[in-house]
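Starting from the known structure of chain A, fit chains B, C and D onto it as the hints suggest.
If you read the sequences in order, they're chains A, B, C and D. The first sequence: position 125 = 125 (the numbering used here), numbered continuously. The second sequence: position 199 = 199 (the numbering used here), numbered continuously. The third sequence: position 6 = 6 (the numbering used here), numbered continuously. The fourth sequence: position 269 = 269 (the numbering used here), numbered continuously.
Take these hints with a grain of salt, some might be off.
[Unchecked claim] Label-pair ranges, simulated between beta-carbon atoms: (1) B:R602 <-> D:E341: 13 to 23 angstroms; (2) B:T364 <-> D:E95: 47 to 57 angstroms; (3) C:G127 <-> D:L13: 39 to 49 angstroms; (4) D:E341 <-> C:G90: 37 to 47 angstroms; (5) B:L582 <-> C:G90: 52 to 62 angstroms; (6) B:A589 <-> C:A116: 25 to 35 angstroms; (7) A:L283 <-> B:A589: 34 to 44 angstroms; (8) A:W294 <-> B:A497: 28 to 38 angstroms; (9) D:A49 <-> B:G51: 52 to 62 angstroms; (10) D:G355 <-> B:P276: 49 to 59 angstroms; (11) D:G470 <-> B:I275: 48 to 58 angstroms.
Simulated from the structure, these hints should not be mistaken for lab results. C-beta: ideal position from N, C-alpha, C; glycine also.
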Amino acid sequence: MMALIVELVLMPAVAFVVGLAMLLMMRKIAAKIQRRVGPPFFQPLYDVVKFFGKQTQISHGLIHDVGIIVAVGGYIAAETLIPVPGMTGIADRTDVITLIYFLMVPSLGMALAAGQCANPNASIGISRALTAMLAYDIPFVIVIFGMSWMYGTTNLVQMVEYQQAHGWGLFQAPLLAFAGLFALQGMLGKQPFEIYVAPAEIATGPMVEMGGKYLGSLIVMQSFSLYTAGILYTTLFLGGGVTWIDFLVKAFLVVAIPMTIAFQFPRYRAEQMLGSLWKWPVLAGLLGLAVVMWS
Amino acid sequence: MTLLDGLWLASALTALAAGLFGRSPSAGPWLTALYGVQFLLVAFMGPLAYGADPVPASPAFSVLGYGLSWQFTALSWFFAVITAGAALAAAWFMSGAWGRHYAEQGGDLRLLQLALALNPSTMYVLLASRDFLSLFVGWELVSWASFVLMLAAGGVGVRWALRYLVYAIGGAMAVMAAMVLSHALTGSFEFGALAAVVPDLSAGTLWSLVILLSGGFGVKMGLLPFHLWQAGAYAETPGPGSAFLGAISSRMGLYAMLLTLFGVLGLGTLKALSIPWTPLEAHELLAWIAAFTIVLPTFTALKQNDARWLLAWHGIGQGGYMLMGVAMGDALASAGGLMHVFNHATYQAALFMAVTAVVYRTGTADLNKLGGLVTRMPLTFLVLLVGIIGLAGLPPMNGFVSKWLIYRALIDDGQPLLFVAAVVGTLGTIVSVYKLLHNIFLGQLRVEHESVREVPGSMLAPMLALSLIVFVTGLAPGLVLDWLTTVQRELGLAVLAPTLGGVERPDGGLDMLWVVGILFAGFGVGALIFLAGGRARTVHQLDNYAGGHFLTAEVRYHYSDNFYAGLMHRIGPWYRGSFQWLQDSVVAATDLLAQAAAGVYRVVQPAAWLLGVTVLALWWVAA
Amino acid sequence: MTLPPLEIVLYTGAVSLLIIGLAGLVMGDNLVRLVLALAVAEAGVNLLLVLSGFRQGAFAPILLEGRVPGPMVDPIPQALVLTAIVIGVGVQALALALVLRVRRAYGTVEMRTLRARLHEDLDAAAGLPPETSRNAPAVERPA
Amino acid sequence: MNFVVLAVALPLLAGFLTPALGRSSRALAQWLGWGTLAVCIGVLWVAWARLDGGTVAIAIGGFRPPLGIVFYLDAVALLFGLAVPLMALLLWPREGTPQQFALTLVLTASATGLALSGDIFNLYVFYELTAAASFGLIAGRGTGAAQGAALRYLLLSAAGSVLLLAGITIVYLRTGTLNLAHLATLAPERLQDPVGLAAFALMLIGLGVKGELFPVNGWVPEVYGSVSGRLAGLLAGLVSKLAVLVVVRILVLIFPQPEAAQLMLVLGMLGIVAGELAAWRARDLRRQFAFSSIGQLGIVFVAFSVPGEAGIVAGLAVALHHLLVKPALFLLAERWGGSIEGLRGAGRGHWLASGLFILFALSLVGLPPLPGFWAKLLTVMGLMGLGTGLAWLGALTVMAATVVEAAYLFRTLSVLLAREAGYTSPGPHRGLDLVTASLAGLVLVGSVFALHPLGDGLKAMAAQAADVQGYIRTVLGDRAVARRGQREDRISEAHPASRGSDRPMGRADRAYGWPAGSPTRGARS
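Chain A on its own, in the form it takes in the complex (with noise of 0.2 angstroms):
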């Protein structure tokens, strides 16, 4: 029992430590891309404390408030799902369905607060980034489906079991895993799926209103978010982790692609970017499914 609080506490712990980690990663890889030298290492860290330490902090109501703690929140108990190198949190006691749906509780605290700032930007920036997760939630459920059947289990777990035992998803089922990579592009809103922050357009949509601890909130929450990402495609298909070492490489690998992708392109339309991530990922992903069922 004392060992699983302490896990229960490690775990959002260390995804805090490595998020900004990643956060740092992806600005880097931005500076490079763009020729710059970057921000630099604790950059991440320091934004963090000065919004945290901000004078002015504005609220628009109660809603606000609990929308960022529920967004926030929402994240840290996520952690607790994913099985990470000598820790399985309460993973043994859910699986991987409950885990996606829980990963949409923070989002709805963030549409709560966004909705409550009563700032149109706001709530067209909402009404976006529920498009792009209808857009990317369609393809990644066929990848989950295809997987979980694959592996014969739903339990996180079992699933990272199974493939030190049989090797890797990634080998067995390459379309789901190119399905994977391609709704993680859309579920960490980054270009071209990016249409909900659009910031010249409708200046950052959800975060036009947010300032202070509100914003160092978001930012703690894209940290966890990129995280949570990395370790849940690692788990999916690349067999896990068994050491720190090796499941962190692979985690910082797999949102390096996104990020290195995402600088290459422009914005995308909602309707485009529903049109792209229900051809390519989609048909991907159900040949895949029929690959995997009938073989």
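Coordinates of chains B, C and D only, in the frame set by chain A:
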């Protein structure tokens, strides 16, 4: 005098009292107490859900040599407890301020009270039926009772009620055909007699039975393509009535299907019945119909601009989950499908009530004419929030558990397309209900709603109670799943072994106690982090970033119309050719035929028909 | 079936009368003619009925004292046909009376006009707007 | 039991007296009519009580059957016989002239005769008398529309009578008898062929004019649209049923071949479709009910077309239900006649009338446990029990018609009960109409509580009516029954597979020679 007799008596008394005293708004609390008595009587039958012997009714009739008898079993009880709860909540909701308001607006409160009271009382008759004849009697009574409730408000509702009536009678006739077919096969209306001959029946006969029964009962459930009546009929019913109807009324179809298709024919029969030239079997066909019922109505809901219509369309879609779960038939799926009946009743009633509360205060359910009400009606907002989380099937509410069970079973059964359909339905629901919440409660408060206040306690209490149930059964789904094991045993389905928190299995289980616990712990930590930041200052809603322009009261802008513009740009064209064409063409064909029929009676010489038919008859005789 | 030639002729005649009468009833338009057609049809069927008792060369079925009863024709149809004729006459009289009444009410003895006026009357009594033809002009034609 | 004849003779006599009496005192004529009807009811009631479920044949004038004409009394005959004066009393033309009283009495007499007679030509005579009386009653309203409708009805009906008489002639040619019981003994060998079937077809169509059989019911909307509600109720409720009863008697006793029933089934089905759909489109209440009555009569024909007891039970149930409901509805339409759209809100404030309308509509549509449901259920059960494709289609038609029926009845109701501001009510219903309709409503509701005995009673009645041997035995004695039995045996030996089907009697016909009629043969054989 058994408990069932008592329940019938109590419900009849309630209807009588509603008819006598319903006109006066002050009778509301007393009527609510009577509904409470009904609920208690159902609760006293609780041991049924844990395997106690069925509770029979004392009256038994014999007509034309066929006996009718009634009894409550675990299946009946499960549906009855939902019915009683929904009726109690609806009656409570209208017992005070709402009822007075309705009467002041010129509504016929007595009629509404009576219609509401008739619904549960007829449902208790249906739920107790144990042969085809009593089933049909109960079925018709329930259909007519809900017709009365839909009619209660008059106005636009009448048109929808009439449309419902046509569908309902059509469905009832299909049921009657199935019942008479069964009689032709066995010479009796007993379920047992049919069950006994099922192994000897030809595939054609079985298909006829399956199609007639599922079609007939499917009308009430709003299964595709018989769903077109439901949204309008439920949405245009006065508030508490629509809460009751949305919660349980169409589930009677599921009950009757369970009773006949699963209880009598048996899941094994459905599984053995394959569709020629396809790999599908009868139960998969049902699951596919369910899948379409999930997806199409859900996305129709997404387009609605009226909160009540939006909810009603979602009600149709959620019915698909129930059928899908039950049709898949294994322990997890059927438990999920059945539990969804309970879950849906709880959150749907709460949602309709919350919307009704908004209408009560603002006078409109038009999603383009509201906004920002969270600061004025925070508790109603809370109820709606809890409700939509349940409806969307997100943790920690109960809707998540039932859907999880269904998803998990679909993975077990290897049904990827059904799985995707189910998830797509959920995603569509999330998208749609956020619009509902946002357009009513978030964004900018309209000038005319500045003075809106929270609704009074008589309306809040049932809503909050329902929300509490939504949360508690999400936290500890085992409470409900325990009942369902008995129901599964009764129907001859595989039996689930639930824990308090859900299901324990090594290859991916669910323990909601942990999930919810962790989630709230996360919120706690999140709150700590949040509070670690500097103290925030709350500003006026118009004090926000507007691109260098100052927003004033004259230019309030709440982004609500065509909320998902981008999405609609892509999927808008797909709405064409939803099943409306089917209904339209049936009506058109009937009208054409009717014109021809009327033409028969407009001829100059009616004797021409006489000569014609004589010649034809003689020709036929000679041939 | 071997029938004596005379009977074939008689039956053919009776059936023809019936058919002519019914055809007249359908095809005629003048009410008086319709009544006459009805009379023809009734005559045909009455003839048929009386023929059913007919046997060639038989006597009338009257038992008179001192006469040897040879083959007799069937008396029942004759009794029946009398009744039928009486009824027929009564109905025709009633029909003619009604024709007169109709002429007084509507000023017509044409079935087509009667039907049109009757239905107009019925619609008017029910408070319905008359059913106009789709081809009828919406307003009065200019003179 | 010979006193039963009074039930026919008395109203006839009174009918001829009334106009003369009416010249001096209208009230006296009215009282005479009422008294006569009351006596008729008494007579038939006593006969019902004495009969006690048995059957009796009464030879009129002392001539023994098959030579003499007979009245045949069984439960069905007496039930309908009893319904005639009862309905005539309830739907008495109160505001009418003495002539109308007389015609009503004549109608009563002849309709009672239709119910009781056991002789096919006698039936024809009563049928014609009924027709003549109803023409008079229809035209008696005096409006141009009523007279036009009466004339058009007359022409159609007279053409039907010609066909009926032609059918009777064929039957007589074949068998040489007109007594139903005697025909029943001879039918298996002489009428089981296309010619016999043709005779049935002619009689069916002929009788169908009054029985509102499709498509010879063109008169229905015109007549019901132009006469008073009471008369429409009498014609739709009662007279049509008696015509159907005659058809059923003929069908059961003389034409057991399935083709005959099939013909009736097909025409009945078409009638349901045409009637209900036309009612769906009807724009005024009275004609809506008229068309609806065509549809209901279609169901009656369809129900009776099911062979054996099942069909008769179902048919009786549907017919009796309609007998009760339709006149009451026509009475309600008396005040609410006219365009349906014009009735917006007319039912509000008249809660008794509206309630009755709702009750009748519910029963017509078949809400259990109202009697209409059981009637419909019996019909569908009978049809589906047959298992043939045509019967299935029939059942389907009945059920589809229910949907249409529900659609238009409740559309009308919703208009009646609509909340409409500024509507001027056409005034309350006349008290008597309302009382009569309430009576029907009470019987309807009361029968819900007596479903069990009613069901048993109907079954016993139907068993009696379906019992051909019993009919023959009652009228002709035991020996005739044995003879029919022998004949049937002989036929089934000769054509073991095809009895009652295609044309089994061709050779037997020739063996008997033709024409078969002779005055003495019938009596001897």
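Hints, one by one, checked against the model:
{"no.": "1", "hint": "B:R602 <-> D:E341: 13 to 23 angstroms", "verdict": "holds, 20 angstroms"}
{"no.": "2", "hint": "B:T364 <-> D:E95: 47 to 57 angstroms", "verdict": "holds, 55 angstroms"}
{"no.": "3", "hint": "C:G127 <-> D:L13: 39 to 49 angstroms", "verdict": "holds, 43 angstroms"}
{"no.": "4", "hint": "D:E341 <-> C:G90: 37 to 47 angstroms", "verdict": "holds, 43 angstroms"}
{"no.": "5", "hint": "B:L582 <-> C:G90: 52 to 62 angstroms", "verdict": "holds, 57 angstroms"}
{"no.": "6", "hint": "B:A589 <-> C:A116: 25 to 35 angstroms", "verdict": "holds, 30 angstroms"}
{"no.": "7", "hint": "A:L283 <-> B:A589: 34 to 44 angstroms", "verdict": "holds, 40 angstroms"}
{"no.": "8", "hint": "A:W294 <-> B:A497: 28 to 38 angstroms", "verdict": "holds, 32 angstroms"}
{"no.": "9", "hint": "D:A49 <-> B:G51: 52 to 62 angstroms", "verdict": "holds, 57 angstroms"}
{"no.": "10", "hint": "D:G355 <-> B:P276: 49 to 59 angstroms", "verdict": "holds, 52 angstroms"}
{"no.": "11", "hint": "D:G470 <-> B:I275: 48 to 58 angstroms", "verdict": "holds, 51 angstroms"}
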